[in-house]
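Undergrad: Listed below, chain by chain, are the residues.
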Amino acid sequence: MSEAETITHDIIVVGAGLAGTWAAMTAGQEGVADVGVLSKIHPLRSHSSAAQGGIAAALNNVRPVEGTGPRGPLEAIPEGDEPVDSLDLHMFDTVKGSDWLGDQDAIEIMVREAPEIIYTYEHMGCVFSRLPDGRIAQRRFGGHSAPRANYSADYTGHVLLHTIHEQALRHGVHFYSEWYCLDLIVEDNVCRGVVALDIATGELHTMRAKAVMFGTGGYGRAFQITSNAMANTGDGVAIAYDAGIPLMDMEFVQFHPTGLYGKGILMSEACRGEGGYLKNNSGERFMERYAPDKMELAPRDLVSRAEQTEIEEGRGVGADAKGLHLDMTHLGAEKIMERLPQVRELALNFAGVDIIDEPAPIQPTAHYSMGGIPANVNGQVIADADGTPVTGFYVAGEVACISVHGANRLGTNSLLGASVFGRRAGRAMAAFVQGGAQLQPVPDGLAAGLEKRIEALMDDGSVNGGAESVSQIAQELKATMTKNCGVFRDEGRLTKALQDVRALQERFKKARIMDKSRRFNTDLLGAIETAHLLTFSEVIVASGLARTESRGAHFRTDYPKRDDENWLRHTVAHQDDDGPRLSYKSVTIDWDKYPPQERKY
Amino acid sequence: MTSVNGRSRQVLVRIQRFNPDHDEKPYLQAFEVEAKPGMTLLDTLIEIKEEQDGSVTFRRSCRHAICGSCAMNVNGTNILVCHEPLRKHVDRRGRVTIRPLPYLPIIKDLVVDRTSFWEQYLRVKPWLVPPDDVPEKEFRVSPEEVTALHNAEKCIMCGACYSACQVIALNKQYIGPHALLKAFLRVLDPRDSSPGERLADLDGADGVFRCHTIFNCIDACPKELNPTQAIETLRKLVQKRLAFEEARQERQTTLTRPVSLVRD
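Top line first, the protein sequences correspond to chains A and B.
Each residue of the first sequence is one higher than the last, beginning at 1 in the working numbering.
Each residue of the second sequence is one higher than the last, beginning at 1 in the working numbering.
Hints are not guaranteed to be accurate.
The calculated DSSO-like cross-link candidates involving lysine-lysine, where the alpha carbons are at most 30 Å apart (straight line), are [to be verified]:
no.: 1; chain 1: B; residue 1: K137; chain 2: A; residue 2: K593
no.: 2; chain 1: B; residue 1: K240; chain 2: A; residue 2: K335
no.: 3; chain 1: A; residue 1: K279; chain 2: B; residue 2: K36
Non-contacting residues of chain B with respect to chain A, defined by C-beta distances greater than 12 Å in every case (computed) [stated by the list, open to error]:
no.: 4; residue: V33
no.: 5; residue: K49
no.: 6; residue: D53
no.: 7; residue: C67
no.: 8; residue: V74
no.: 9; residue: V90
no.: 10; residue: R92
no.: 11; residue: P130
no.: 12; residue: G196
no.: 13; residue: A200
no.: 14; residue: T213
no.: 15; residue: R241
no.: 16; residue: S260
If you're looking for bench data, these hints aren't it; they were derived computationally from the structure.
Ideal Cβ positions, reconstructed from N, Cα and C, are used throughout, including at glycine.
My request is simple: use the sequences and hints to build the entire structure.
TA: Printed below as a string of structure tokens:
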């Protein structure tokens, strides 16, 4: 297959979810119109659309009704009355939620820009749920001390994504729909472009740009039970790592407490925000024993560990007793139909349960990747623990690790982070281009090299060709990651996981694909994606093995305490011949205002 | 078809195959699958691809009916395969037949070319056109005004309705139920400043009067939306365009004031 012509743009964005679309649109608004956005699926299929519960901002539209307690009804705050929320409180909640691993300069920016970005979304046409007086409705959410989740029923992400995509189209953003980025071109610490596959035709294209941004999302598909879409295979993370860019905090994988039992499909935290209870096989609201103050609205890592403990101690429900109950029967049909309609549909379709009448079976599900490609607050990627910037390479959204979420992310902060930092990256890239950035030379033969890789995957005739099955390898990877690198970890299991991942990497060399056609070859994509899963899973496990403490979502049963003296630092991993080479980066902390404290709920 | 203790049985899954690079025309290929409890049609396709034939090609991502990737034609009806149980679609002879969405060019197997679908979406200008006067905070939109949008914001652009529409089958110039539902969302939104222009555009040769109220769109919609009702509403508004425009201008003078004050 001959290589098609090289394509050039001022800016190339990979990923068309909230982060990528904000960046592309913003760059255009700042005067850099030559932007191309690649997406391996149609932009509206991006996983941002799956977010359900809300997007956080201290708008101060609602407050708890006086005297009704922390799970009582909410009411609109009349004009002129005392606010109940503040940027400071949002900041503190996020810092505490991150178990003090979040960089506080980045968090401060995010909470500060939050109200304005919500209003911007609303002015752009987002149909939010409303209070009687017409203001945006807010609900409670785990780990937040005030009700600040701005929502659109229970499909907030869907509404935000469609809105920002429409606005991007209005501003003339050019989308390369169903183009798959295969390689990042970085040389001498300067990013020069990408190599991409036009999925429909199978043609490879070298694409040069002055600035490249990844908004490629998370990596939940390394696990068996995940809320993540099948597309979330951490491509951006793996490609950058292979290109010499480090990854940061990969060991911090958030397990969401309420994935549908057996499938992992997300049942929004809003279920608990609206008053739902978690119960074990004796009908007990077990959160009383783990977080007596916040109960079901403790942060996700805490709740998932509570659930996992209940399961491991024999109090689970379901065929293999690995589930628990999410009980919303006391909320009433009206409230469920108005605020949680999608969740009800999901439980009906996938569990055969009507949450109006029965509790839904749930279990912890791999949900969010706090780790990713490290960057500063303007989205510019850094090459090492010292913060040396990579010229021309930017990230935002779930693929980025800035880090606003630290060791654990609060619900509703992800939609916020993706929007705020996507926009900032767009501005930074526009400034970079307008400041005189030039297209940099790219090496010859990049596409040809990838061509060979593709042909090799199709070559049954080679030594051991076809001896292994891609899907079998993927399944075994997910099994070991779930068992040995899940909610609870220890040295023995992590070591086993590392061995398994490396063995699977070896076996993958003998895997071949059946589909030999170049036209829309999803068999090929599946193989490349599985290779990516193997690449970054090694980093997750190695980082987790090295971190001998428990913090946020990373819990070691052999090191159950948080160890600020030795471990108040980010893990930075570079690719090396015999595995990830780890170094450590300090955390930005305002020691006067938000010094580390014990994290109790 | 055998039923073993009622819990699992063999199903014949017929999938329409077509690779324009080497096939003269589409053909059905049959795969035998053991139907397990709780298996969806998407699970079935994935299993066939992973264990029997890696070249079977289809779009999918979220597997919980929000991304809109996996609309296909199963036993003659357009559905989203990710949230449909396999057993519901097995016929009396133990077979299920999966074809790509009809009336659209086939790229490969179950993957169709949606160019005309997205062109119509763009054509109705799906973005909101806000008024010049933008408040510091949010516009005040009442819960009733949100309800009147009849869930049109829930549309995931899956294409099941578009590809089930008999008018579309014969006339790709017709705007189509998906785009008309989006247009409805914007026309009815009190924050949109261009209802008159939108309605004028929808009044054209390929607009709201092209719908023949066949109702295939309602049958096909996996989100239980009602494009026909939206189209009928738009027809009425098209005929009262000037009055509607005036009412919108009036409403926009109060968009920054709390809703309860407006009612007084």
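Undergrad: Against this structure, judge whether each hint is valid.
TA: Hint-by-hint comparison with the structure:
no.	hint	result
1	K137/B <-> K593/A	29 Å, holds
2	K240/B <-> K335/A	36 Å, violated
3	K279/A <-> K36/B	29 Å, holds
4	V33	15 Å, holds
5	K49	7 Å, violated
6	D53	6 Å, violated
7	C67	4 Å, violated
8	V74	15 Å, holds
9	V90	18 Å, holds
10	R92	24 Å, holds
11	P130	5 Å, violated
12	G196	18 Å, holds
13	A200	19 Å, holds
14	T213	26 Å, holds
15	R241	21 Å, holds
16	S260	6 Å, violated
Going through the hint list in order, the structure does not satisfy hints 2, 5, 6, 7, 11, 16.
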